[in-house]
Amino acid sequence: MELTAEHVLTLAPDAGVAASGKKLANAHGWHGLGQDSEAIWGEFQGSARYQVRAARSDLTVRCSCPSRKFPCKHGVGLLLLAATNPSALPAATAPEWVTSWLTRRAAGAEQREAKAATQQQSAPLDTGTTTREARPSKTADRRLARVHVGIDALDLWLDDLIRNGLAQVATQPISFWEEQAARLTDAQAPGLAGRLRRMAALPNASPDWPARLLAELGRVALLTHAFRRVDELDPPLREDLRGAIGWALTQQEVLSRGERVDDNWAILGQRVSTEDRLRTQCTWLLGTTTGRFGMILQFAHGSRAFEQQFALGTTISATLAYWPSAWPLRAIIAEQTGEPTPLRAAIAGHRSLAALLDHVADATARQPWLDRFPAVVKEVSFVAPSGGPWLVRDNHGATLPLSGDDHWHALAVAGGGPCDLIGEWDGATLSPLATLVADNYYVLGGGY
Amino acid sequence: MERLVDIALIGTGRTGDRQAATDTPTAALVAALPDLTSARKLLLAAGAQAIYTLAGQPLGPTHSPAAMAPPDRQPACSSGAAYLLDQLFTRDEGGVLAEALTRLQRAGFRLPHRLLVAALETGKRQTELRSLLAPTLDQRGRWLAAQNRDWQWVAEVSMADPGDLPVDAEARWQEGTAAQRLAILRRLRVHDPATARDWVAASWKGEKADFRAQALGILATALSLDDEPFLEAALDDRSQAVRSVAAELLMQRPDSALSTRMRGRADTLLAYTPHKRGLFRALTQALSGNAARGDLSVQLPGDLALDWQRDGIEPKPRTGLGKGAWWLLCVLGAVPPRHWTTRFTATPEELIAAATQQEWGREIIEGWSRAAIRVRDSAWAPPLWRYWVAGHQPQQQGTIAPTELLRGLIAIMPGDALAQIGSDLLNEATRTQNSLWIEVAPLLPTPWLPGWGRQYLEISRARLKALRPQQYDPWIKTFDTAAHALPVESFPQALQEWPIPMEQSWVAMEWRRATDTITRTVALRQRLMKEIPL
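Chains A and B are the protein sequences, given in the same order. Residues 1 to 448 (our numbering) make up the first sequence, in order. Residues 1 to 534 (our numbering) make up the second sequence, in order.
Where hints are given, some of them may not hold.
As the list claims (entries may be wrong) - So these bits of chain A aren't anywhere near chain B, every CB distance computed over 10 Å:
(1) D14
(2) K23
(3) H28
(4) S67
(5) E96
(6) A140
(7) N164
(8) L166
(9) A182
(10) L249
(11) V383
(12) E424
Unchecked claim - As a list, the in silico EDC-like pairs of lysine to aspartate or glutamate whose alpha-carbon atoms are at most 16 Å apart:
(13) K23(A) <-> D516(B)
(14) K323(B) <-> D303(B)
(15) K378(A) <-> D439(A)
(16) K41(B) <-> E259(A)
(17) K378(A) <-> E424(A)
(18) K41(B) <-> D6(B)
(19) K41(B) <-> E216(A)
(20) K205(B) <-> D237(B)
(21) K477(B) <-> E503(B)
(22) K23(A) <-> D92(B)
(23) K41(B) <-> D155(A)
(24) K124(B) <-> E170(B)
(25) K23(A) <-> E93(B)
(26) K41(B) <-> E424(A)
(27) K477(B) <-> E510(B)
(28) K465(B) <-> E404(B)
(29) K530(B) <-> E489(B)
(30) K465(B) <-> E489(B)
Since the hints were derived computationally from the structure, they do not count as laboratory data. No experiment lies behind these values; they were computed from the predicted model shown. All C-beta atoms, glycine included, are put in the ideal place defined by N, C-alpha and C.
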């Protein structure tokens, strides 16, 4: 395994697992450690004896312990051991409990691919209409009708709000928003429902809340307005609009209909947000040849684990399938070959902050409902606050504000000198996720 | 957008048909909309404006290039060492972090940049690690710390090393915060003790009591008789804290006037009559191994004269002691014990043996112990130690001296005596369950001598073998200490398997926890030594 301990630690679901994993990597409780070209494995004697195995290709771990964390501390411990002390894992023949797991994994993957292939044949991409309309069904028609009813009601409510004045919503309870959101959920428009729920947090949250709230309400009004004329839009933008209202594509649909791109993908950075116990993990990928960005979203309830693991600061050779969109970003991994390797070479990025903003303007013009944009800007420096917010400065002297108030780690690794910033731009501030200093990758923000 | 917001806040129902326009190109879009209610027009205008703003976000003001960190002077430690240190910053295993930092410094390595924030935060919380952390930060770390108020400690600690005095030292002394002023004073005291004292004296009257006491404490470095007039004056200070610091410093100098006064007082309290040294007596003593025993007579002070109090004798006795006994203890504590061996022409052993016959023997010997520790008289340390340890009864708590007394005696103990003490305690531990080693082990200097390590582990394994369910062995308590005190020679022996019976009794669980700790910590220390070669 070529990965270092830092790479492995980015796989840990939280700081607790990372710390326990480190502890186990030093411990003496391991038995029957070994590795071959496909997997690494070992048994750990904890309160019982656990069988721990990991696939080299995607670093997926399987452990027989009852932990609901994924990977569990034993998994992280095993990978750390492999990264820091490879001689502890001699080349060996994999025991049955490893080979049978690998076989089951391979069988599962084949099944998924076969399913995608059949769908691809039955539903050729881009016939000028969306799939649902190409294969009209009673269910789809019923849903469309319900969404229209929901949108009509929403529009009336929005108009009322503006007619009576936003000043009155300052004193409204959360249920004021929640009721309307619930109606939209019932109308099968969960995308709109989510936007309304997020608005509930805005009143009184900041001095300029009326402007923020009005902007959000306006964007929702644009959505409903556009949806009444959805058939006049280009097919890809139509997909974005349907997605924003709440039609979700299944992974199978994405695999069968989405654009596929082969590349060596750099795993740039990751952000996890929690809303109502639903955790959303956003992982940004960058094609080192194509320069395309990919956004892998994964969802998990409560303390459940995310299905797929990404070691930050590595590259993987893979095929991505993109959600159809006027500005395709969201994707899933359709196929992956080989092991992750550390990201060593420089990556492509904008040469100035102005170029980043131009790029954002282009993207917004094509897909006006984008909220967050991936950003890679070369040769910037971090500037510690002197009265204002933290800043990032490009080598033309231009600056943009950073979100949050703790970027000391970035300052420590870059030393005020030039580095490449990897982050997200939300329209007002940059959130750094990682940085490359002299081609060395460092995770920023919540890294451990 | 501001106009749109104003109208939206009031409500289009109240503002009538006022134009919901903006002065941006989105105005044209709104104007082109077909017949819509004014509320709807406003919403769409706001939505278009929001997206227009998002797409056209301006750059922030230009900024001159920020200062770059100067290049580091030392190489970074290996990535393996960094990995271990990272782990220790997250969770220190019984003091291994201090050992690792010391080793890093001795080997001439710095911390890698990605550990600097963790190191600076650790120093913020754990003041006792600061002096070990500071040298491993190098230029990058100091540059970083200078930009964050939370990390001011770096500048304060770095100033304490006897390196160059900053050019603006005097300005810092005049204008800095209390901590900065003390740091610069500490450093100056090393370079130029007289000037440091003059600085303190010059600003003395205007300082707060707490600061006066701390500044005075710094004079302990390079203490000389030149400081005496100033310290003598400080004995009349308003603050009790300042007075006791001054008295303490003067007691540390046997040649001070205060020490001379104390000797005079002590001479009125103690008298000694040696036994006749006949040949027969010498013979029996040699055979029995007992020290010759003279007679020690004690005159307790009746009341506390004002000049005694001025010289630092606390009027109020410690709980459990009468006033007279307490004042006796304090006065004896301020007289270097060598004074008695000279005055009474007797050995420490003889004097201690005589004192044990006395009603106030314990107080006398405690006073001698304090004095020996204060002036670092290592000749007295072994017999004093023997006295305190002889008082120990295996099944009984509390007969042994206060911990800080034992710690102090160990600190001044000559090397061969210390080696003997360790192996005596371990020999005792092979015979008795409730050994004194359990109490003393945490006080011993680390790493332990190789002989102690070997014997300790042999005893530990023997005790594990003798494990009985439901019977707790207090020896388990020593494992946490041993884990970071065992010397490198003992590592292989410590890492051999500890065969704990698989039963689920709580005693077995305790043993498992303890042996896990020792195995994990020793393995960690072993890797540290490999990753940070000296």
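How the hints compare with the structure:
1. D14: Consistent with the label, D14(A) stays out of reach of chain B, its closest Cβ about 13 Å off (over 10 Å).
2. K23: K23(A) not clear of chain B: closest Cβ-Cβ about 7 Å, inside 10 Å.
3. H28: 6 Å, violated
4. S67: S67(A) is indeed farther than 10 Å from all Cβ atoms of chain B, at 19 Å.
5. E96: 26 Å, holds
6. A140: 28 Å, holds
7. N164: 5 Å, violated
8. L166: 5 Å, violated
9. A182: Fine: 22 Å to the nearest Cβ keeps A182(A) off the interface.
10. L249: Holds, because the least Cβ-Cβ distance between L249(A) and chain B comes to about 24 Å, which exceeds 10 Å.
11. V383: Per Cβ check, V383(A) is inside 10 Å of chain B; nearest 5 Å; violated.
12. E424: Since the minimum Cβ distance to chain B is about 14 Å, E424(A) lies beyond 10 Å and the statement holds.
13. K23(A) <-> D516(B): 11 Å, holds
14. K323(B) <-> D303(B): It holds: about 8 Å lies between the C-alpha atoms, which stays within 16 Å.
15. K378(A) <-> D439(A): 11 Å, holds
16. K41(B) <-> E259(A): With Cα atoms ~37 Å apart, K41(B) and E259(A) exceed 16 Å; violated.
17. K378(A) <-> E424(A): 14 Å, holds
18. K41(B) <-> D6(B): 15 Å, holds
19. K41(B) <-> E216(A): 15 Å, holds
20. K205(B) <-> D237(B): At roughly 10 Å apart (the allowed maximum being 16 Å), D237(B) and K205(B) satisfy the hint.
21. K477(B) <-> E503(B): At roughly 21 Å apart (the allowed maximum being 16 Å), E503(B) and K477(B) break the hint.
22. K23(A) <-> D92(B): OK: K23(A) and D92(B) at ~11 Å, within 16 Å.
23. K41(B) <-> D155(A): Holds, at about 12 Å.
24. K124(B) <-> E170(B): 26 Å, violated
25. K23(A) <-> E93(B): 10 Å, holds
26. K41(B) <-> E424(A): Distance of about 32 Å is beyond 16 Å: violated.
27. K477(B) <-> E510(B): 10 Å, holds
28. K465(B) <-> E404(B): 34 Å, violated
29. K530(B) <-> E489(B): Measuring from Cα to Cα gives roughly 14 Å; hence the hint holds.
30. K465(B) <-> E489(B): 23 Å, violated
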